[in-house]
Amino acid sequence: MTRDLLIRGMIAGIVAAFIVTMFARLVAEPQVDLAIAFEASRDQAAHRHAGHAMAMPAAPEPELVSRDTQKGVGLLTATALYGAAVGGIFSLVFAVIYGRVGTLGPRSLSLLMAIGAFIAIALVPAIKYPATPPAVGQHETVVFRTLTYFAMIALSVVAMVLAIKVGRAFANKAGPFNAMLIAAGAYVAIVIAVQFALPAINEVPADFPAVVLWRFRIASLGVQAILWVVIGIGFGATADRVLRKRLSSR
Amino acid sequence: MAAAAVFADDAFIPLSDSGAIPLRDIVPWAIFGLLLAMIALYFVSTEQGAYAFFDGMYVHEFVHDGRHLLGFPCH
Numbered sequence: 003m004t005r006d007l008l009i010r011g012m013i014a015g016i017v018a019a020f021i022v023t024m025f026a027r028l029v030a031e032p033q034v035d036l037a038i039a040f041e042a043s044r045d046q047a048a049h050r051h052a053g054h055a056m057a058m059p060a061a062p063e064p065e066l067v068s069r070d071t072q073k074g075v076g077l078l079t080a081t082a083l084y085g086a087a088v089g090g091i092f093s094l095v096f097a098v099i100y101g102r103v104g105t106l107g108p109r110s111l112s113l114l115m116a117i118g119a120f121i122a123i124a125l126v127p128a129i130k131y132p133a134t135p136p137a138v139g140q141h142e143t144v145v146f147r148t149l150t151y152f153a154m155i156a157l158s159v160v161a162m163v164l165a166i167k168v169g170r171a172f173a174n175k176a177g178p179f180n181a182m183l184i185a186a187g188a189y190v191a192i193v194i195a196v197q198f199a200l201p202a203i204n205e206v207p208a209d210f211p212a213v214v215l216w217r218f219r220i221a222s223l224g225v226q227a228i229l230w231v232v233i234g235i236g237f238g239a240t241a242d243r244v245l246r247k248r249l250s251s252r
Numbered sequence: 384m385a386a387a388a389v390f391a392d393d394a395f396i397p398l399s400d401s402g403a404i405p406l407r408d409i410v411p412w413a414i415f416g417l418l419l420a421m422i423a424l425y426f427v428s429t430e431q432g433a434y435a436f437f438d439g440m441y442v443h444e445f446v447h448d449g450r451h452l453l454g455f456p457c458h
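If you read the sequences in order, they're chains A and B.
Following the working numbering, the numbering of the first sequence begins with 3 at its first residue and continues without gaps.
Following the working numbering, the numbering of the second sequence begins with 384 at its first residue and continues without gaps.
There may be inaccurate statements among the hints.
As the list claims (entries may be wrong) - Derived contacts from chain B toward chain A, CB cut-off under 7 Å, selection only:
(1) V389
(2) F395
(3) G432
(4) V446
Said to hold, decoys possible - If we take Cβ atoms under 10 Å as the criterion, some of the chain B residues that face chain A in the derived model are:
(5) D392
(6) I396
(7) P405
(8) L406
(9) A420
(10) F426
(11) V427
(12) A433
(13) Y434
(14) F437
(15) G439
(16) P456
(17) C457
(18) H458
Hints listed in this document are in silico derivations from the structure and should not be mistaken for laboratory results.
Treat the numbers as computed from the prediction; the structure is a model and nothing was measured.
All C-beta atoms in this analysis are idealised placements derived from N, C-alpha and C, irrespective of residue type, glycine included.
With the hints as extra help, turn the sequences into a complete structure.
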């Protein structure tokens, strides 16, 4: 049973990754290219400043991986690995909570879980630590930024689990609708406290174009939104078939 | 348990007497799936960034655009 769900979750994630890659190619890559162009012109300016004005212009660093590969196979590989991983985890969480937390139908539960995952894993962490294009972010702080970003995701997920537990505790006393409001309020309150407590990070160069930054960040959120919605709908539809088959064979 | 479907065409499908999938069915696959997922996520998000098992920057450069767009600190 779980095996069948796990396979379908991973496949849903890979399908989502293909769709996301097309979206990213269309919407996000132009902004990545603009950011890389900004980085290159900044490096050249710094080079000239260093007193090489009369010498040959600085040769650009040889590319280890070409831009075409990064935008194509590289991007697809990264999103497919990510999609398969989160799709697999998603299906395991579904297997645990299906029939244990309420009695939603499989397709409804899957879509609701996907919306929750987008909020907890992508949207809320991005409010504190938004995605950064190339040329934003210093090499020296990457360990610190990775730790704080992962901490933000972990705390956001824990906050959502706690909020759901709080809501369920109130369900009988306050009624299901009010319990839902209490849970949402609890999540927002914990998230505000966590985001206030975690260190601020701002490494955007003063002259980095604001429009490129905005478009890149919106595209990044779009990538996450599409990924999760496709997993939510796709896994829900295939899980529904698995569960029906199991029911008829019981 | 009150079985009130939000959508009439997506009713709850009970899988065992309790309605849920038994945990003994889930646990082995959860261990396997989580292990696989963690390895994949590590290479997409962190290898040759905040941490490196392998020398060089090839992995970093190959997943570069995905790492940026999925929101991970890249460099």
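>> Hints numbered earlier in the text: which of these fail when held up against the supplied structure?
In response: Number 14 - this is the single hint that the structure violates.
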